[in-house]
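Novice: Take a look at the letters that make up each chain.
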Amino acid sequence: MISTAAKKEIDQWIKKYPEDWKSSAVMQALKIVQKENNNFLTEELINDVASYLDMPPIAVAEVATFYENFNHKPVGKHVIRFCHTISCMLNGADDLIKYTEKKIGAKVGEVSKDGLVSIKKVECLGACRHAPMFQIDDKYYEDLTKEKIDLILEDLK
Amino acid sequence: MIEIEIDGKKIKAEQGEMLISVTDREGISVPRFCYHKKLSVAASCRMCLVDVEGAPKPQTACSTPAADGMKIHTNNEKAKASQKAVMEFLLINHPLDCPICDQGGECELQDVAMSYGSDVSSFNEGKRIINDKGIGPLIHTDMTRCIHCTRCVRFGQEVAGIMEMGGTGRGDALKIEPFLEEGITSELSGNMIDVCPVGALTSKPFRYELRSWQMNAVKNIARHDLLGSNIYSQTYKGKVKRVVAGDNDDVNETWISDRDRFSYEGINSSNRLLSPRIKVEGQWQDASWDVALDFAIRGLRGNVLKNNQPNQLGALASSNATLEEYFLLQKIMRELGSENIDFRLSEVNTKDQLNLNSNIKIAEIEKADLVLIVGSNPRLEQPMINHRIRKASNNKAKVFSINSKSFDFNYQINQNLISPSKVPNMLASILREAKVKSSNLSSLTDAQNTDETLEIANAIKNSTNPLIVIGEHYKNTKNWSSIVSLINLLAKDTDAGILNISGTGNYFGAILAEFLPGEGGLDANTMIDKQLPAYMLFDVYPSYDSHNAENFVNSLKSEKSFVISFNSFQDDLVEQYSNVILPIASFYETSGSHVNCENKIQSFAAAVKSPGESKPGWKVLKVFADLLELQGFHYTDSTQVTNEVGFQSAKSNKADKEIKIPKSNSLEVIWQSSPYIIDPVLRNAEALQNTNIGKMNIAFMNSKTAKKLKLNDKSVYLNIPVSITDDVSDSCVIIQTNQSTMKRSA
Ligand code: SF4
Ligand code: FES
Ligand code: FES
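Protein chains in written order, with our numbering: chain A, 436 to 592; chain B, 22 to 767.
No lab work stands behind these hints, which were simulated from the structure alone.
There's no promise every hint is true.
[Unchecked claim] Within a straight-line C-alpha distance of at most 16 Å, the following computed EDC-like cross-link-like pairs (lysine to aspartate or glutamate) qualify: (1) B/K621 x B/D140; (2) B/K59 x B/D28; (3) B/K417 x A/D455; (4) A/K556 x B/D193; (5) A/K508 x A/D530; (6) A/K537 x A/E479.
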């Protein structure tokens, strides 16, 4: 179920596009409903967004599964999106991912025991110049090293 | 016209035409996977790379428009190297298990890999595997084999009109799959099997049956709907094993409905009649043709002919016979002197003979700029006609419907919900407001306008190419003849086209062959009620063909009637009232013709021999005529019969009936048979029966009607489970059912 507040917010986005182009609001709509649902989407929510925007559910699912900022199972309070595409990979991302997994006690796709963080591997986030990198919530952390990761994780509350 | 050069050959092309369509026309082979001539260009597989002089990199032939003076190489070193490289990438995740893949031998990937690929791969890592979800009884999936060409996805979006397949995930996690639990529900879904270039989507009923090269492909015509789609029946050792689409741009383009594709299972059922049978002293026994025919003729002579009462003989047929069969049977009847001939068993009221000829070609439907659908859910009833209407809608045509329930249309449509008894009023009001010519329409003066009628009338007035499509829903309601007359007038007065889709099967074949009562003849209902001393029933199964099977059977099983039945399938009810049953060939087993809704006669040959002792109906009828010593039946082949029909045709329309515009709003029950039970072949086709469409059995009504009838969501009305929904008009129950007509009585 999409809440009334969320619908209102989605309507704002629908208004920005020409009349028959409701589906243009799909990214925003997914973002809004995801936020209301502890930061993850369910099949039901995808169906709801589809009927709200008059789209085939599979078309919404395509978008929701393409972009890494949509989650499809419960996540921690903070989400680490670790880039593992070429530049980052060549600069040691794989090692650092393993390091981080150990540090937070959760593997890629899992949530740490205290529910504070979860970790996800994602495709290039466009910061290749400062590879390796990850994103936590809305913030980029670049030129990562093990030491830097220690400090960043310590700050997470 | 421009000139381009391909592989050193000068070729004329249209400016802007994609290179691949030029090479296809010229017979120059360019490999491809995602390109399909009837789908949009995706240019995602990269297999069609060709070298274009002047371009730094090879270009995809499917998305590069031709320009004057272009020089293209499809098989120089550069082109070949690119094609080889792409092929290697495509095979990275594709299993190399052709021997156990159902597509082996008819696989585009296999063919292209053999001709353009390399025999070694540099990929040594593990291949990915996809778990299949299961998408329904018709299509088997092996998604590990999918190469992500997205043809099936585009087919859903662009042709089926419902996007059911999609690509989820990205990169090497991309998966083609449906989102919904129920899988694929489209009535055209089988075409995905045809478009899939690999073994990812294959026919479930055909799974592991045969290799394609073991079968013969016989050109044929599908006989279930009013279109007559062109198909190939693929046969092996005298059995039809699979049906695939044929090409005909005037009819079905390159698509066919699931009904046409999967019905063949029915003719292979164990339910077939294999031998002539006669009833002696109440006991059925098998007989030879000689004995059975002799028995039949003696019965006819004894009951009607010897008393010189040929007009006491009645002939009835279903809507599923061939043109030739209709023609021969009516000719026998007329030679004997009886005009009691009719095929309209499903019509409650045949008194008001309707005259509604389509005056538009199927291929022209998509050119209409306004379509008004009356009493039809064309997606289920005539799927490929619906596809044409959808194309009109995609070309910006305005589409309106006048129905008593809203349906799940797959295009933009303005649906008007209206009680059946108010339809004449609505049409009359539209006619009065929209007409551009001035017929004398005194009976229309009291028609009430509404906002909806004005909107439709205005739209018709403002259109240049309007089309009215009339379907079967109101056929058995009280006002059918008024509706038909109004539509005739509306079309005449607004220069609109008419497309009559109110029948099934070979409905127009029966009309063309004049399988209808002539002067002094009885219509179907009267024939049944009168308990004539003798009947000939051709391909009749009352439990589905008659609108009231109970009455039909009770009447015909009386001692005094001698009944000769021609059937392909065994049937309990037929046995109850018949005295002799002659086994005839079914679909694919006889030559003949189908007449479609634009009156196009399409002839077909037999693809296989009919099983057991059964024989093609036209031959049986011919022998029957000879035994009755009738003149003019010297046919040696069915096309001689077809040609004779041609001479007869060209009937003029009879005068319009008086139009009545009812004031009261009485309850009407509209029975809609599931599209998969309309003929015996379909009823025996197992996979189709297991689909959602095949299983439908619901009586829809709105809450007001339910209250009046004292029903709720758990009740049963006329033996059908009730569903209360507010998209049904007042005073109307719409029943979509796969059940027989046996217990239909209001
Ligand atoms: S299933 Fe077949 S048609 Fe669909 S994307 Fe995969 S290969 Fe193409
Ligand atoms: S590859 Fe990691 S940011 Fe681009
Ligand atoms: S056929 Fe041209 S890219 Fe696929």
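Novice: Look at each hint and say if it fits the structure.
Specialist: Checked hints:
1. Of the pairs offered as hints, the one joining B/K621 and B/D140 is violated, with about 51 Å between alpha carbons and a cut-off of 16 Å exceeded.
2. Proposed proximity of B/K59 and B/D28 is contradicted: the alpha carbons are some 26 Å apart, above 16 Å.
3. Only pairs whose Cα atoms come within 16 Å are accepted, and B/K417 paired with A/D455 is accepted, the gap being roughly 14 Å.
4. A C-alpha spacing of about 13 Å is found between A/K556 and B/D193, which places the hinted pair at or below 16 Å, so the restraint holds.
5. At most 16 Å may separate the alpha-carbon atoms for a hinted pair to count; A/K508 and A/D530 exceed this at roughly 25 Å.
6. Annotation: proposed proximity of A/K537 to A/E479 is violated, straight-line Cα distance about 33 Å (limit 16 Å).
Checked against the numbered hints given earlier, the structure breaks hints 1, 2, 5, 6 and satisfies all the rest.
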